[in-house]
Amino acid sequence: MKNFQIIRALSSASAVTSISKESSAKFIAGGTNLVDLMKKNVVAPDKLVDITALDLKKIEFLNGKVSIGALAKNSQVAEDTSIKEKHPLLALALAAGASQQIRHMATVGGNMLQKTRCSYFYNTDMPCNKRAPKSGCGAIGGSNRMHAIFGASESCIAVHPSDMCVALAALDATVLVEGPKGKRQIKFSDFHRLPGNTPEKDNTLLDKELITSVEIPDNNFTKNVHYLKVRDRSSYAFALVSVAAALDIQNNTIVNARLAMGGVAHKPWRLTESEDFLKGKTISETTFKEAANLAMKGAKSYGDNDFKLTLAPNAIVEALTIASSK
Amino acid sequence: MASKKTNENKAANEDANSRRDFIKKSGLFTALALAPPSLVMASEKKWDEKIAEYLETVPLSIEVNGKKHNLNIEPRTTLLDLLREQLQLTGTKKGCDHGQCGACTVHVNGTRILSCLTLATMQQNAQVTTIEGLSKGKKLHPMQEAFIKNDGFQCGYCTPGQIISGIACIKEGHANSREEIREYMSGNICRCGAYHNIVDAITEVKEGGKEI
Amino acid sequence: MSKTSNINRVDGFAKVTGTATYSAEYKTPGVVYACLVGSTIAKGKIKAIDTKKAEWAPGVLAVITHLNVDKPVGYQKAKDKHNFGQPLQIFKDDSILYYDQPIALVIADTFERMQYAKSLIKAEYIKEEHSTELKKAADKEKKVETDKGNDYHRGEHDGYKNAEVVFEAEYTIPTEVHNPMELANIIAKWEGNKPILYTKSQGVEGTRRSVGEVFGIPPADVEVTSEYLGGAFGMGLHTWPYEIAALIGAKKLNRPVKLVLHREQMFTNVGFRPYTIQKMGLGATKAGKLTGLTHEAVAMTSSYEDFMEGTVNMSRFIYDCSNVSTRYRIVPLDTCTPIWMRGPGEATGSFALESAMDEMAYKLNLDPIEFRKINYAEKDLEQNKPWSSKYLLECYEGGMERIGWKNRKNEPGSVKEGNWLVGYGMGTGTFGCYRSATAVKAKFLPDGNLVLQCSVNDMGPGTATMMTAIGAEITGLPAENVIIEMGKSGLPKGPTQGGSATTSSVGSAVHDSCNLLVSKVIGLAAENPVFKGIPITDLTFGNGVISSTKDSSKTVSLATLMSANKPENFEVENQSKANDEAKKYSIYSFSVHFVKVLVNPNLGKIRLAHVVSCADIGTVINQKTSAGQMYGGAVGGIGMGLMEALEIDHRFGRPINNNFADYHVPVNADIEKQEVFFVNKKDPVSNPMGTKGLGETALVGMAPAIANAVFNATGKRVRDLPITLDKIIETVKV
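As given, the protein sequences belong to chains A, B and C, one line each in that order. Using the working numbering, the first residue of the first sequence is number 1, and each one after it goes up by one. Using the working numbering, the first residue of the second sequence is number 1, and each one after it goes up by one. Using the working numbering, the first residue of the third sequence is number 1, and each one after it goes up by one.
Excised from the complex, chain A in its bound form (with noise of 0.2 Å):
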């Protein structure tokens, strides 16, 4: 690793100017990604700025919503009383997450920003179009186990491996920014992005700009949730596929749906139609499968990953039977 400056930041508006002025510059606060990204040479930032100062820890219940300061820790939102309540799909995928130190360690807007976990974008031996633009996809033709069969392109076929945040997509979050040029608020659907021909950029946040909070709509999923994390050991791995799914369920039927899948897309992939299709519906199996199988339209595998064609429709159907089950 290359020595850096490091500075503390005060206020978020000081952050923001401080790392304005280096272009290699980077916030850090978990630092359990940035550090690891670092030891590998995989970015070299010339200054890092502190975060962990800032005032962005609190999770707040106010009027309609939640706000989850972007500095809360993994665990601490897992394990918010009132987050299990009013968000157990949150809390469950948050705690599906690495191993409890890392979520001591890692905050809600890390989370966010977390790399790919693709080989080949860790290797700096390796060609990734990601890390080094124009150096071509290692992974298309090499070994894809773990990648992507929504949404990829001829450059880029990583997945995002945040749990956390297929949960946020299947709740509608918010994601609220500050930058250089003020503060804006970003859907989460639109916060992380697909690759297309630029998979240098893994979401629409702006240079400079710092997350500050995640806000999440009330809602009533409260109690037939579930968050299903399909890997290759019982903990501390990555997902190959997860599912979120949230239920409103009155009378045995489903009246409202939330659906959202992880380790399939670059992106945290949110399945619309599945859930309009739930929408009115009464519980069956035929109906989950049903379900999934809109799911998969335009799925598309690249050889070692090809059987998600048949775990992630099972994956959705288990994840609903169980959260309906609930």
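No lab work stands behind these hints, which were simulated from the structure alone. Hints are supplied without guarantee of correctness; some may be wrong.
Simulated pairs of lysine-lysine, DSSO-like, Cα-Cα distance not exceeding 27 Å [to be verified]:
hint	chain 1	residue 1	chain 2	residue 2
1	A	K326	C	K605
2	A	K40	C	K673
3	C	K52	A	K2
4	C	K605	B	K138
5	C	K27	B	K138
6	A	K300	C	K716
7	B	K139	C	K624
8	A	K289	C	K716
9	C	K416	A	K326
10	C	K122	A	K39
11	C	K716	B	K149
12	B	K136	C	K27
13	C	K27	B	K68
14	A	K2	C	K488
15	C	K53	A	K2
16	B	K171	A	K57
17	A	K40	C	K53
18	C	K53	A	K26
19	C	K716	A	K134
20	A	K39	C	K441
21	A	K115	A	K21
22	C	K605	B	K67
23	C	K673	B	K149
24	A	K134	C	K127
25	C	K624	B	K149
26	C	K624	B	K210
27	C	K673	B	K171
Take the given structure of chain A and dock chains B and C to it, following the hints.
What follows is chains B and C alone, placed relative to chain A:
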């Protein structure tokens, strides 16, 4: 090496120049800096490389196992390397250096974290507890006793991390069943495969009800 | 049960307090930090290497490459021969034989500066076409005429083909990597022409020989300390290039050099269990009597060294079968050399054999245990010798009862618990009992403590605890009064830790030396006036006192005796080795792993609901540490069965999952319920204690047990390890 440094060498000069640039740029920021103001002076007065290198360090005040340390460290120094290489506290282990094994787990302000992914400079005034800080002389912590009694290890290399993590697992309230312990201890890999006995040890401490 | 049969691990206090010192942790004044830079191609030559930026980086003390290295004198000598223990001669020339082969050593004054300087080294290469894929390199297959490499035939060649019922299948295991938690590491320094190493070695004496050969100095001049090892599982059986590199660096700078491999380098530079393709042919009568068995294996090795292991050996003797053929071939590939990994050979072989036995049992419609009992070998037909002892049937019975085998149905997929498919499976393991010449010094200190010295290591199995238990048992001292000194050169010569032979070798030596010491002490005591007229055979020694068995009032304390005699009268150094009687027998440990799996076929999720590991290992010296080793071996086998595989992108010849996030090993949540059962019956000939060895057989047989259980649960037979979810997932029915 010293003699080589008198040679004209483009690459090396570039390198040295970029370092001076770095020092100069350091004077530009406006937010509260952790870097010492003397960096600016060093660059203005064109001090010797050696001094400049020294000035690339930042002060750190940190408490480890109840002992205060006032140090100068490079910002890139991780808490793990600080503990092992500078403070000679080698009880905390390096197993992967990338947050993938849990061997480096320590308590920072009472919370279990991975010291390999923690920049030491970001732990100003933190209280760190490592495996060396658990026992009082020959008097072992209940978790240490339980690991010995239940044979919760073989080679011993992941053990400090397991013990530190196990204590936190109970304190966090995540040791209410063997299943819960297994899940919340999954961030600590044991290649000898002592998991069965590790869960026994944690269960015994939890059920023993001793203060930990 | 004796009082020492369940003592706590004697190094437990050191290990739970963080005071156990592993190699790179020795406080060494003036130590500097080194790392290795690896090649980015798999085969070719280094065209140019730019080290200037690194050399000029702050704190850098040296950058060593093939261009500026002072080559050790042994490099010349070993030019044309396979130099066991030091096959790849680091920095010897510009040739690249595998990806991540070290091309430079960077040494700096701090860890951080060393790491940064490493990133500044840039090399250019002349690439050559590489070959890293076993399945596409069959044309390079070769037979090596050695004990391991020779074909074996008993009865008719490939006689299975003529049987009433014939079964054939191919099985593969991927490359698996040892990955002990402690990284490979060393602190190297020189005093004059004598190297001093603190290193991760499973054999202090072997390291001395290898280092001595490389640097052209007598092994006796090489000082090696390897007291605590954070696991090794076989990777510490070589002296690796990184160790030689550290010594080269230390010599150049005349300073102590610390070199710790990165986890990624643990996958590329210190060996692995080789990718192996196996073909099985089984023939049986309709009643289930095996009439023919053929086992063929093709395994990878490196381009520069023939690595072989006993992959097909178990098939020659474990079942009663008159026509047996085995063939073993190796294929050189452009990788680092493999090295024995826990259960070497047998773990690989048992996956094929025990899977095939299960498949044949289904074909014959027999219970898999029944099939094995029909073919139980009453003697070793390979060596044509009687077993020294064999309690394999007791292992079957013990496991069946504990796992609830009676709940198993032969029809796959016919047992359910809720939505989970339930399957039961088992796999047999075995490993030879070896014993090598070992010296141990036993001595009493004036304070009454017993000191036992041997240069053997303890990489985790509990060797020190075993030595303590045996020493305490024979001298009648409490275990707390036994002091173990081990893992250092200069101590009486012990064996390399490996091959499940440590207790047999070192335990026997402790046994013999302690008995000799007791006899010596009794001999001295007999001259004491107190025992006048009492025959020496009536004197006994226990817990620091010599007394008469006939008249317990007559005693002399060891302390009294020691105050009147020279200290050297209270020490014995003796070398023990196997006796000729043992050669008349075939001596093996046996194990049987039983598993109950729960499978969700929609998600491919396999849960190990219950694992029972049974073993006949002769006498169990220490129930606690032995159980720990058995639990651990089983977990290793679970990793092999369910998740471990080094993936290579053959386009580049590079691994793509060489880290602990992507190369999965079992975590705590993977291990639900585990039990261990030992027959614990003394072997009459193996050694004075009657032990047979545990470390390897603890793993052997687990992977096929899982595969067999998964088949029983799902009807899906997985012949390519690991059994990942994609191999058993069912298509959703819409």
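These are the hints, each one checked on the structure:
Of the supplied pair hints, the one linking K326(A) and K605(C) holds, its CA atoms being roughly 21 Å apart against a limit of 27 Å. Among the hinted pairs, K40(A) with K673(C) is inconsistent with the structure: their alpha-carbon atoms are about 38 Å apart, more than 27 Å. A distance of roughly 16 Å separates the Cα atoms of K52(C) and K2(A); the hinted pair therefore holds under the 27 Å criterion. With a C-alpha separation of about 46 Å, the suggested pairing of K605(C) with K138(B) is violated against the 27 Å cut-off.
At most 27 Å may separate the alpha-carbon atoms for a hinted pair to count; K27(C) and K138(B) meet this at roughly 22 Å. Proximity of K300(A) to K716(C) is assessed by CA-CA distance (about 26 Å); at most 27 Å being required, the pair is judged to hold. For the given pair, K139(B) sits about 23 Å from K624(C) by alpha-carbon distance, which is consistent with the 27 Å threshold. A distance of roughly 24 Å separates the Cα atoms of K289(A) and K716(C); the hinted pair therefore holds under the 27 Å criterion.
Taking the CA atoms of K416(C) and K326(A), the gap is about 22 Å. The hint holds against a cut of 27 Å. Pair hint K122(C) plus K39(A) holds up; C-alpha atoms about 17 Å apart against a cutoff of 27 Å. Restraint check: the Cα-Cα separation between K716(C) and K149(B) comes to about 42 Å, which exceeds 27 Å; the hinted pair is violated. For the proposed pair K136(B) and K27(C), the alpha carbon gap of about 23 Å is at most 27 Å, so the pair holds.
A distance of roughly 21 Å separates the Cα atoms of K27(C) and K68(B); the hinted pair therefore holds under the 27 Å criterion. At roughly 38 Å between alpha-carbon atoms, K2(A) and K488(C) are farther apart than 27 Å, so this suggested pair is violated. The straight-line distance between the Cα atoms of K53(C) and K2(A) is roughly 13 Å, inside the 27 Å bound, and the hint therefore holds. Between K171(B) and K57(A) the CA atoms are separated by roughly 22 Å; this keeps the pair inside 27 Å, and the hint holds.
Simply put, K40(A) and K53(C) have alpha-carbon atoms about 19 Å apart, close enough for the 27 Å limit, and the pair holds. Between K53(C) and K26(A), the direct Cα distance comes to roughly 25 Å. Compliance with the 27 Å bound is thereby established for this hinted pair. Using a Cα cut-off of 27 Å, the hinted pair K716(C) and K134(A) is violated, with the two alpha carbons roughly 43 Å apart. With a CA separation close to 48 Å, the supplied pair K39(A) and K441(C) exceeds the 27 Å bound.
As the CA atoms of K115(A) and K21(A) are separated by approximately 24 Å, the hinted pair is consistent with the 27 Å bound. Using a Cα cut-off of 27 Å, the hinted pair K605(C) and K67(B) is violated, with the two alpha carbons roughly 48 Å apart. For the proposed pair K673(C) and K149(B), the alpha carbon gap of about 20 Å is at most 27 Å, so the pair holds. Note on K134(A) and K127(C): the hinted pairing holds, with a Cα-Cα distance of about 22 Å set against a maximum of 27 Å.
With a CA separation close to 9 Å, the supplied pair K624(C) and K149(B) stays within the 27 Å bound. The suggested pairing of K624(C) with K210(B) holds, with an alpha-carbon distance near 24 Å, which does not exceed 27 Å. For the hint pairing K673(C) with K171(B), the CA-to-CA distance comes to about 24 Å; that is within 27 Å, so the pair holds.
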